[in-house]
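Starting from the structure of chain A, add chain B where the hints point.
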Amino acid sequence: MAVSSNKQLPANLEYIQYEHRLEAQYLPAIRALISKDLSEPYSIYVYRYFLCQWSHLCFMALDPKDSSLIGVIVCKLEVHSSHSPPTRRGYIAMLAVASHFRGRGVATALVKKAIDAMANRNADEIVLETEETNTAAMKLYEGLGFIRSKKLHRYYLNGNSAYRLILLLKAVDPDQTSLYDEHQVT
Amino acid sequence: MADFGVGVPDEIARLSLGQGSAPQDTLPPNIRSEGVVAVDITAKFSDAVKTLEPGAIVKDGFFTLFDSVSALEIMDPKMDSGCSTTDAEVEHLYDVSRPLLPEEVLGIIDQLLCHEMSWHLGYPLSQTLFTSFYIEALSMPDPRSIQEATFIRNGGHDPDEQPMLQVLRAYCLSMLKSCGYVNERIKSEHYYEEEDFVTNTYNRTLMANLPTSAIRDVLIEAMAALKSQRGSVPDNLVDALVLRLELRHIFLDAVECPKHMKEPDLAKKPWREGLAILPALNKSHSLASPVDEAFSAKLQRKLASTMPPRPIVQLEFDVAFGHLKGLFEDGLELIDVLHYRDSQCLLTFVSTFQAKKPQPIVYVRTLLQTFLFDAMEVLGSMSIRQLLDDDFAILTMPAHQYLDRLNDEVEAVQDPRYAMAQQMELFRTRAAQPFLDILRTTCQNRCRVRRTLCHLLRDWESLQVDAEEIDQILQVKVKEQPTMHWPSMSSGGVESYSLPLSSWTYLYKLRQMEQIIQLGFELEVYQSDELAGMYWYLNYISKSRLHHTERIKSFVIKRVEETHGQPGNSDPTIAAQLQRSLMYTRLSLLDAAVTWELSDSLSCLYTVLNRLKLIKAPPRPYGTDELRYEIRMRPFAPVGLPVLPTFEEFTAGTLQPDTGIDELFEYAERAVEGAKRGFEALSKMTAEESFSVGSHQRWASATKNGLKSCIATKIAISAVQKAMEKSKDLDNLKIKVEIPTPQKAYHESWIVPKILPLA
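Taken in sequence, the protein lines are chains A and B. Using full-length UniProt numbering, read the first sequence as starting at 1 and increasing by one per residue. Using full-length UniProt numbering, read the second sequence as starting at 1 and increasing by one per residue.
One or more of the hints may lead you astray.
Stated by the list, open to error - Short derived list, chain B residues pointing at chain A, Cβ under 7 angstroms: (1) G55; (2) F66; (3) S68; (4) V69; (5) A71; (6) E73; (7) T199; (8) E246; (9) L523; (10) V525; (11) K616; (12) P618; (13) Y622; (14) G623; (15) I631; (16) L664.
Stated by the list, open to error - In silico PhoX-like pairs for lysine-lysine, Cα to Cα no more than 25 angstroms straight-line: (17) K139(A) / K78(B); (18) K78(B) / K36(A); (19) K616(B) / K150(A).
For the record, the hints were derived by calculation from the structure and aren't laboratory data. What you are looking at is a predicted structure, and each value in this text was computed from that prediction instead of being measured. The beta-carbon is built from N, C-alpha and C at its ideal position, and this holds for glycine as well.
Chain A with its partners taken away, still in its complex shape (with noise of 0.2 angstroms):
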């Protein structure tokens, strides 16, 4: 994951919002970046349920001189109303940078642009977990304003417990629950 803010990003980095017509060109690649962090592989599934449905909350960093895929990250943004009142809650799935474009800010770039493309569309939180060994993506979500909000017990497969990040974008209101009533009705 790449982390350093003080390195130079490359400038010829091209970065593109993911689309579904991408699918056959770019679905191998990203799953196959993504997978090689995990001890287990996500099923198509996994990656369908975001990309189709949050298609503008992903996007891409490629290489331009091939176009190859070089860092993705892929989000949601939806209602969540187990906590009273109910927020909209963007919630970052997954991030991956190739091992060789690490520390040069590639990952910075990816989680800005879908901070930002959450922003607009009226996000009040950002949420995500990470792995409690992995110092590189907590500093590098901790840089930009998220601070941790909990620790996870054993969340993940391998045993290991993550943090729960979060950034709030916008202060609670507790008399604004009809809005998001609102909505839901829409």
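Coordinates of chain B only, in the frame set by chain A:
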């Protein structure tokens, strides 16, 4: 050739999903009935599909992320356990009737031990014990009798008669039986499925239908068979195998220890016996020769499960043995909880036991819950009323008329004692759950303790409303005379009532707030630049607790004086209760004071380190500090009292912009000196004085670690001061700050920075 007894009925038994031992017989719907008209939609379906782009997702509104994660890709060998190997092929992978050398049996047993401990640590049976061909052979189909529980079923010759296989069979059966006990115990208490433990047995019964006595007999026979091998099998191998069978025998006693709840010494026996043989068992592991082919992840295709196949969990023997030893040590230590002294000693026992590092494993934690709460009785013999009344008496109501059992006998409605009995019973009903929840919560994993306390805090907040109401009612009924205070700044006197129930509740609420903050340090929830603020907030809450305890103390002293004023009153139990409350007040004051002062000192120190930019806040281009404060304080937002500081107050408290560095250091030094004296006074307390009878060693070592944290804080302060004297340039002090992880700190909730010279 191994015959697994595969027949049609067995296949059906294997097919059923879920946890239960009874196969589910859901029949397919009958499509040939008169009410059903079957229509072939193949052509329509193919046409409809043509309108979709490849990869388009077709789902209803209820299809969740969880559903997508649990979906399998058919024919992907990583997910579809059926696509690469057939059942028959799996069975041919290993022959459970093959003769085994003694060192191989030892090897398999030690491999099973590693898998058993992995299971205890939270991995599913499918990736641990159920990857053993021997376990599969014994488990499926479920043996209905001990005679049927053999590796080879319906075989003409009986290879199970081979002494070495007999040993392995006895080991496996007794291990599975004890796993069954463990699984049932955990299921019957509060735990988190998958997070703490996976109770799924994939339709295997773990020998639930075989009596434990029959399995014990098999163990004894196997030990005899083993001993008859002396001469042909080297002594050290025989000894090693005997030890392992003995361990299984002991383990079966250990898992049955709750039946000796009233005889703690008997309950301790198996744990003690286990600990006695463990060193020899560990030593003899070097003789073992592992048989890797006796385990296969492919056995997972025989398990009733929707999960994709997953790799075998490999735990090193040394690590597994460490956990096994920990299990027996904790099991033994745990029995001491049965020696009840008073409610506060019980709370100290439970909280120090669960704060052990590493934390006791989930089985031990659920066993503690059984002891605490089994059959609505605390520790097997006490009512919840006894426990609560004991606690009220210690904290705020020593020898109090509200707690007089004789009140229950009063039938005259206008008698104030009638109201006391009624109102106290009402309060007990309301308080019982939140109070027991404190104990139950403490038994969870550390992450859950913090999360659950955040929820529990709301219950205590509403309990406080009830408590205040009942206090008011009773205060009028008994015509309580208020104490008058003359605060120095005010002109008139202030009336003050004892409010024993709301005082009790408020004290617990404050303790929980402190614990939530402190667990945040222990679980590394806060970033380094947040430490100044979080210690500031801890300081704020512990200050409230100190003031509140002082208030409680004044009323306890009033009760002491009143009692001494009554010459006819020489009841020794009253004197003892008053004495106990005074002792508790002293402990509580000191404990609040050291928390207050050490957090004050650390907050000032971190403020200086932030100001000197020795700790740097990340850039944080998104969100605002005020929004981050909102998240941080979310657990405390529902609490009315103590009032949540505003963001401005918090910022001012954390930055202390009008206070110079020298002055901040002066505060920090004074505070840490006070904390140090407090910890010294605490560490001189006896088990009785510190309400840690039964767990004094653990309590004392935590106190000592608090004292060490004070010393480390003093060292850190003077290191920064020296660097500032040496270099007049505050931007170039030639030092750096290292924030230790909680495991490396003297005490997990006192994160004292280390000041190191810049290399």
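Hints violated by the structure (numbers, ascending): 2, 7, 8, 11, 16 and 17
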